[in-house]
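**Q** From first to last, the protein sequence lines are chains A and B.
Heads up, the first sequence is in the working numbering, so the first residue is 389 and it goes up one at a time.
Heads up, the second sequence is in the working numbering, so the first residue is 204 and it goes up one at a time.
If you're looking for bench data, these hints aren't it; they were derived computationally from the structure.
It cannot be assumed that every hint is accurate.
[Stated by the list, open to error] Some chain A residues near chain B, calculated using beta-carbon distances under 8 Å:
| # | residue |
| --- | --- |
| 1 | Leu457 |
| 2 | Leu462 |
| 3 | Phe466 |
| 4 | Leu471 |
| 5 | Ile475 |
| 6 | Phe481 |
| 7 | Ile588 |
| 8 | Ala592 |
| 9 | Gly596 |
| 10 | Phe612 |
| 11 | Arg627 |
[As the list claims (entries may be wrong)] Take a look, some chain A residues computed to stay more than 12 Å from chain B by CB distance:
| # | residue |
| --- | --- |
| 12 | Val392 |
| 13 | Ala431 |
| 14 | Gly550 |
[To be verified] Calculated cross-link-like contacts (lysine to aspartate or glutamate; reagent style EDC-like; alpha-carbon spacing at most 20 Å):
| # | chain 1 | residue 1 | chain 2 | residue 2 |
| --- | --- | --- | --- | --- |
| 15 | A | Lys482 | B | Asp221 |
| 16 | A | Lys625 | B | Glu265 |
| 17 | A | Lys482 | B | Glu265 |
We treat Cβ as the ideally placed atom computed from N, Cα and C, and that holds for glycine.
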Amino acid sequence: MTAVFLVASAFLASAVEFVEALTIVLAAGITRGWRSSLAGLGAATVALAVIVGALGPALTYIPISALRLVVGGLLLAFGLQWLRKAILRAAGFKAMHDEAAIFAREAEEARAAGNEQHAGLDWYGFTLSFKGVLLEGLEVAFIVITFGSTQGNVGLAAVGAGIALAMVAVVGVVVRGPLTRVPENTMKFAVGTMLTTFGIFWAAEGAGAHWPGDDASLPAVLAFVVALSSAAVAMLKRRRMAFA
Amino acid sequence: MRRIKAFGRFWWDFVVGDDWRAAAGVVIAIGATAALVAGGVDAWWLLPVAVATILWVSLRRETSDVTGNVRRAPGPRSRGALPRPRSRP
Numbered sequence: 389m390t391a392v393f394l395v396a397s398a399f400l401a402s403a404v405e406f407v408e409a410l411t412i413v414l415a416a417g418i419t420r421g422w423r424s425s426l427a428g429l430g431a432a433t434v435a436l437a438v439i440v441g442a443l444g445p446a447l448t449y450i451p452i453s454a455l456r457l458v459v460g461g462l463l464l465a466f467g468l469q470w471l472r473k474a475i476l477r478a479a480g481f482k483a484m485h486d487e488a489a490i491f492a493r494e495a496e497e498a499r500a501a502g503n504e505q506h507a508g509l510d511w512y513g514f515t516l517s518f519k520g521v522l523l524e525g526l527e528v529a530f531i532v533i534t535f536g537s538t539q540g541n542v543g544l545a546a547v548g549a550g551i552a553l554a555m556v557a558v559v560g561v562v563v564r565g566p567l568t569r570v571p572e573n574t575m576k577f578a579v580g581t582m583l584t585t586f587g588i589f590w591a592a593e594g595a596g597a598h599w600p601g602d603d604a605s606l607p608a609v610l611a612f613v614v615a616l617s618s619a620a621v622a623m624l625k626r627r628r629m630a631f632a
Numbered sequence: 204m205r206r207i208k209a210f211g212r213f214w215w216d217f218v219v220g221d222d223w224r225a226a227a228g229v230v231i232a233i234g235a236t237a238a239l240v241a242g243g244v245d246a247w248w249l250l251p252v253a254v255a256t257i258l259w260v261s262l263r264r265e266t267s268d269v270t271g272n273v274r275r276a277p278g279p280r281s282r283g284a285l286p287r288p289r290s291r292p
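Bound conformation, chain A alone:
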């Protein structure tokens, strides 16, 4: 059961980040040329591989309880951010994430930028693509390393991220435009509930508490977080209607 949660969480979280990275790479490629954009993508991928290669094995030397305490705390803080914003979007208090609008804005900024060349590459296109992929990729790396190392299976978390990367890349090549049909808020809602669930579970274990039924209590924690979030959305919608 935990393995399924692990792969599903890594897949969903990574897919959201890859969609955002794709939007930036497409904006840079279409407006500034594909050579520079793809060079930025490649350089960022190498940088990410170095970071993950250095950090991943280092984490295995940390005692598991300390790792679960720190990672659980980080995931909880991080997951609550996702969940809070997804709840606010679902209740209508915050605008939905619009990949088409972000693509249009990035493309406009890229068109307006000057034309500086370095090593035969358009520097703006390269750095836009590099920074976008590196930042989104760091978020994926954080999720894969923390999820994987805490469960003692970085490979399984990487499989989830890899499936997400392959799917987004294939769809990106086919569509050749921003992935506007991805139900991003729904995905973010799911990711927020899963990150918060794992955060609660691991942080409590890291602090020395024992869950009734051990790993079997994980679905119960997930059900609690989903119920809590759904209740929050329903309540905020009512508040919004009352004050509209």
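Use these hints to put chain B onto chain A, whose structure you have.
**A** Just chain B now, kept in the frame of chain A:
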């Protein structure tokens, strides 16, 4: 120096985000769980309760502008219909 600051800013935004109180609440709740466990209480139930409370307080704070339940002094943010988005996700 500028790059170090930007790097620190990235991780702050990434982990803590725009509501540091929620992150502080998480740290306090984990500390309280550890303290209770050290005192012989198996406090597995504390974090779910704490998360529900933190989420509730954070959402109330974020939506207070829209519902008119403003707790801070009037300013540019309290005039708008919706709170402006500050950071990802």
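**Q** Each of the hints needs a verdict: does it hold here or not?
**A** Hints versus structure:
1. Leu457: holds (7 Å)
2. Leu462: At about 6 Å, which falls below the 8 Å cut-off, the nearest Cβ of chain B leaves the hint on Leu462 (chain A) intact, so it holds.
3. Phe466: It holds, given that the least Cβ distance between Phe466 (chain A) and chain B is near 6 Å, below 8 Å.
4. Leu471: holds (7 Å)
5. Ile475: Since chain B brings a Cβ to about 6 Å from Ile475 (chain A), closer than 8 Å, the hint holds.
6. Phe481: holds (5 Å)
7. Ile588: Holds, about 5 Å.
8. Ala592: Holds, about 5 Å.
9. Gly596: holds (4 Å)
10. Phe612: holds (6 Å)
11. Arg627: The hint holds - Arg627 (chain A) has a Cβ within 8 Å of chain B, the shortest such distance being about 5 Å.
12. Val392: Given a closest Cβ separation of 21 Å, the condition holds.
13. Ala431: Nearest chain B Cβ is 17 Å from Ala431 (chain A), so the label holds.
14. Gly550: holds (21 Å)
15. A:Lys482 - B:Asp221: holds (14 Å)
16. A:Lys625 - B:Glu265: Holds: Lys625 (chain A) and Glu265 (chain B) sit about 14 Å apart, inside 20 Å.
17. A:Lys482 - B:Glu265: holds (10 Å)
Of the numbered hints listed earlier, not one is contradicted by the structure.
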